[in-house]
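J.: Given next are the chains, with one letter for each unit.
2 protein chains.
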Amino acid sequence: METLSGVIKKETKEISELVKPELVGQTVKVNGAVHVIRDMGEIAFVILRKREGLLQCVYEDGKVNVPLSEIREGTTMEVTGMVKEEAKAPHGIEIRMTEVTILSQPTEAMPLAISKWKMNASLDAKLNMRAISLRNIRERTKFKIQEGIERGFREFLYEQGFTEIRTAKLGARGAEGGANLFRLDYFHKPAVLAQSPQFYKQMMVGVYDRVFETGPVFRAEKHNTKRHLNEYTSLDFEMGYIDSFLDICGMETGFLQYTMKFLQEHYSEELRILNVTLPKTDDIPMVRFDEAKRMVSEKYNRRIKNPYDLEPEEEALIGQLFKEDYDADFVFVTHYPSKKRPFYAMDDPADPKFTLSFDLLFHGMEITTGGQRIHDYQMLLDKIAARGMTTEGMDSYLEAFKHGMPPHGGLGIGLERLTMKLVGEDNVRETTLFPRDLSRLEP
Amino acid sequence: METLSGVIKKETKEISELVKPELVGQTVKVNGAVHVIRDMGEIAFVILRKREGLLQCVYEDGKVNVPLSEIREGTTMEVTGMVKEEAKAPHGIEIRMTEVTILSQPTEAMPLAISKWKMNASLDAKLNMRAISLRNIRERTKFKIQEGIERGFREFLYEQGFTEIRTAKLGARGAEGGANLFRLDYFHKPAVLAQSPQFYKQMMVGVYDRVFETGPVFRAEKHNTKRHLNEYTSLDFEMGYIDSFLDICGMETGFLQYTMKFLQEHYSEELRILNVTLPKTDDIPMVRFDEAKRMVSEKYNRRIKNPYDLEPEEEALIGQLFKEDYDADFVFVTHYPSKKRPFYAMDDPADPKFTLSFDLLFHGMEITTGGQRIHDYQMLLDKIAARGMTTEGMDSYLEAFKHGMPPHGGLGIGLERLTMKLVGEDNVRETTLFPRDLSRLEP
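Heads up: the sequence lines are chains A and B, in that order. The first sequence begins at 2 in our numbering and counts up one residue at a time. The second sequence begins at 2 in our numbering and counts up one residue at a time.
In short, the hints are calculated from the structure, not lab data. Treat the hints with care, as some may be off.
As the list makes no split between identical chains, a pair holds if one copy fits it or if it spans any two.
Here are the computed lysine-lysine pairs in the DSS-like style, where the Cα-Cα straight-line distance is at most 30 Å [claimed, not checked]:
#1 Lys64 to Lys341
#2 Lys190 to Lys127
#3 Lys11 to Lys262
#4 Lys89 to Lys223
#5 Lys306 to Lys145
#6 Lys145 to Lys262
#7 Lys85 to Lys384
#8 Lys117 to Lys85
#9 Lys11 to Lys281
#10 Lys11 to Lys85
#11 Lys190 to Lys223
#12 Lys11 to Lys64
With the sequences and hints as input, model every part of the structure.
T.: Next comes the structure, spelled out in C-alpha cells:
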C-alpha cells in the first residue's frame, strides 16, 4: 500500500535557503515566474519572481539548453545554475543559468508593467486586472502587511485569554437592523447577510468571557467614497468582566503595541519595501466627542454643524490637531451621542445623552468603533422599547441576558482601513484584495 | 490629556494564576458566572464558571456579606476570599468566600441543565438555546478544539511559506457554477455568495506561489443530512510549482501531523475533557478511487451501483476496511472520475476519464477535496468548451492563465466535519457554533 508520511521535500530552493555563503560556487535548482528580462546582448538578466522576493538569473549565450527567445515575461520555469555573489543583485546573489525547464508559457504580452517599482496604472486598471497587478512587488507586499496585522491581532488575543469563534454570516436578521442589509432568499425564507458578528460575540461572552472573530461583514451602504466598502474584513472582539469601557480601549492599545512589534520582527522586509514608518502606540490620547469637536472648531476656526456626529473632515482635523499638538498618530474619541449609537450601547449614567463608547482615529480616520454594552436584561428591553423597536428575531440574543451576562464590551476594527493608513494609501480599495463597492462586483 | 498606555491590569485572578502554592492562605479576588450551587446546609459550594474552567468557592453561613439566596445559577459576580488547598475540588483549590459583589442577576431559571457533565438535551434544544447550551463545559470545549485545528492549519502553513489571503464572498458568479448558489440583488445587479474561494486562490498562486484562506463558504444544497451544512468554514490552500498532486496530499499530511501535535501541546486539557484519542497521522495510505470501490465490493460483498461516485455508505466502508486491514484513521482516495470533478481539475494524462485529484476520508467520511488544477490556458479553454460551458464571467480568472501560471493544486477542508470526526460526534451541527441548514437560519 502506497502511503504519505508528510510534506514532500523539494530539490528547488527558496531565496532564504540560497543566501548562504557555503552555497556560493555550488549548483542549485530554483523555480519561479519570469518577472522581467534585461537583454544586454551577450548576456541577459532574467529576474525570477519568487514568494520571498526577486532572484537574478544570468543567461549567457550558448551556455543554456534553451534559446533566450523561449523565455518571456510570465514564463514559469525551473532553473539549474551556479550561485555567485553579486553585490548589485537582490539579496547579493545571482544564478548563472545552465539548464532551464519551461513549466508554462504565457500566451499574451503582459498588459501592465508589473516589473516597475511603482506601476503606472490607474486604480481601476489595477483592480480590473487584479491577478496581474498584484504580481507587482509593491502591490503584493501591501497584503503581506495586512496578513501581519491579522496575525498580530490573533496572537495578541490568544495571549490575553480570548477564544476564537466562527459565527454565521447568513441569518434571519441583522444586529443593527436598518436599510444597509443585503437581503436574499434562503430556501423560501427571507435572510440577510451579517453586518457584524455583534449579537453572536455578545452571546459568546456568556460562554468564554473573552472572544474574537476575524471575518467578512457585509454593508449594503450606498456610499461611494475612498473609505467605504460593501464587504470588508472586521477584526472583532468582545470581553466580559470589564470595569469600564476603558478596558476595551486598553486592550486595543495593547493590540496595536503588540502588532507594531510583531510587524517589526516578522515583516521588516515588507515594511522596508513599502517604506512604512510605524506609528506611535506607546501612549494613545483620549478625548471626549464633544470636547474634540470644540477643540477643532476653536483651533481651525470652524463652525460646528452637526453636534451629534463627526463629519469625515472633522475626523481629519482631530487627527491633524492631535498630531500637531501631541505628536499622536492615534486618538480615542469617547462618549459618542446615544442617538448615533446602536440600542445595545451602554448610556453614560452621568449623562444618558452620551454613551460609554468610542471610536479610534488613525491619522484622522475612524478605524474602530467600540464601547461598553448593556448587560442587564431589563435595561436592554427598556432601551429597545424607548427606541420604538421590537424584540422580534432577537429571542436568542435576549436569552443570553435573561440567564445572566457579565458587564462587557468590545469593538470592531476595519482591517483594510487599518492597512491603508499604515502603508500610507488614501483609498481603501488599494488595500483590499478584491474590493466590493457600488460599481464593482468583479473580479 | 488622558492617555492609554496598554492593557489595563486587573486585580482579579484567572485559574492558572490561582494554582500556585504561594497563594494558599492568601486572600484573592476572582470573578465568574455561577455555574451551579450545592447547598449542604451550613455551607454551600458555589461553582464559578471561568474561561479556564470551573472554580469551587465555599459559602459559609454568616461569613459572607450577602445572603446565599442572592446567589443563583447565572449570577455573575466578583468574589473575595482565601485560597485553600482542596484535593477534591477542580484544580485542587477552593476559595473561602468572604465578600461578594453581584455584577448581574439572571431573571429566570436556567432552561437547560448546563452544569451536568453530559447535558440531557436534544440537538434541537441545544441549537435553539445556543447561548445557554454552550455554557456547558463539554459543549464549549468542542469549539476550543476547533480553534486549535484552525490555529494549527495557519501556523503550519505560515511555516511552509504560504501567504494568508482574504477573498470576496460576494461575486458575480460562482467558481463551480450550478444550482447550489445563493443568489441576491447587489445594487440592482445579480450576485451570488461564494461556494469556495477556488478562482481567487488560483489567481493568487500567480502572485504568492502558496496561499491559504480560512473563511465561510455558502452552498444552497437541499441536502438535509448529518454531514451537510449550507454555510461552513473552509480551510483552503493552493500551492504552485508542484510536481504532482502528491505534493498536495503530502502538505495535508504535514498539516495533520503538525496539528495533532499542536493540540497535544496547547489543548491537552480540552482533549482530556472530551476524552479524545488523537488519530494516527504518521503514515496515511492512498488508494485509487476504482481500486477502493473494488476492495469494498469484494470484502463486504457489495455490488457496485455507481462507478462514478462514492456513496456515503461506500466511504464509510472504505474507512472501515482501512481501519481493519491497515489500522489507518485517514485514507487518501485518488483519481476521481473526471465527470464528477469541476472543469479546472487536471485530467490524468494516462487516462483522461480520471483526474489527478483526491478526497481525504477520516474514519470513513470525506473531510477534504483537492487535486492538481489545469495551469495551461489553452487546455483550460478546451476543457471549458468540451463541457459545453462558456467563459462568461471568467475573464479575470482566465487572465491569470493567459499571462503564465505554474503547475499548481490545492484543497479545501471542512473545519466542522474535521472537528466532528476528531471529537467523535456524529452530526456536524454538534461542532458548528451557529449551524445553517434547510430549516435553520437562527440563532
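J.: Does each hint fit the structure? Answer for all of them.
T.: Hints versus structure:
With identical chains, the CA atoms of lysine 64 and lysine 341 are never at most 30 Å apart, being 71 Å at best within one copy and 47 Å at best between copies. Taking CA atoms no more than 30 Å apart as the test, lysine 190 paired with lysine 127 passes between copies only; the shortest distance there is 22 Å, against 39 Å inside one copy. Taking the closest pair of Cα atoms, lysine 11 and lysine 262 come within 30 Å of each other only across two copies (23 Å); inside a single copy the shortest separation is 33 Å, beyond that limit. Proximity of lysine 89 and lysine 223 under a CA criterion of 30 Å is satisfied in neither setting, with 50 Å inside one chain copy and 61 Å between copies.
In the homo-oligomer, the alpha carbons of lysine 306 and lysine 145 never lie at most 30 Å apart, since the shortest distance is 41 Å inside one protomer and 49 Å across protomers. Both within a single protomer and between protomers do lysine 145 and lysine 262 lie at most 30 Å apart by alpha-carbon distance, with minima of 15 Å and 27 Å respectively. Taking CA atoms no more than 30 Å apart as the test, lysine 85 paired with lysine 384 passes in neither setting, with 72 Å inside one copy and 43 Å between copies. For the identical chains of this complex, lysine 117 and lysine 85 are intra-copy neighbours only, at 25 Å inside a copy versus 68 Å across copies, given an alpha-carbon limit of 30 Å.
In this assembly of identical chains, lysine 11 and lysine 281 lie within 30 Å of each other by CA distance solely across copies; the values are 25 Å between and 42 Å within a copy. Proximity of lysine 11 to lysine 85 under the C-alpha cut-off of 30 Å is restricted to the intra-copy arrangement: shortest distance 22 Å within a copy versus 57 Å between copies. With identical chains, the CA atoms of lysine 190 and lysine 223 are at most 30 Å apart both within one copy (25 Å) and between copies (14 Å). Taking the shortest Cα distances, lysine 11 and lysine 64 sit within 30 Å of each other inside one copy (25 Å), while across copies they are farther apart (69 Å).
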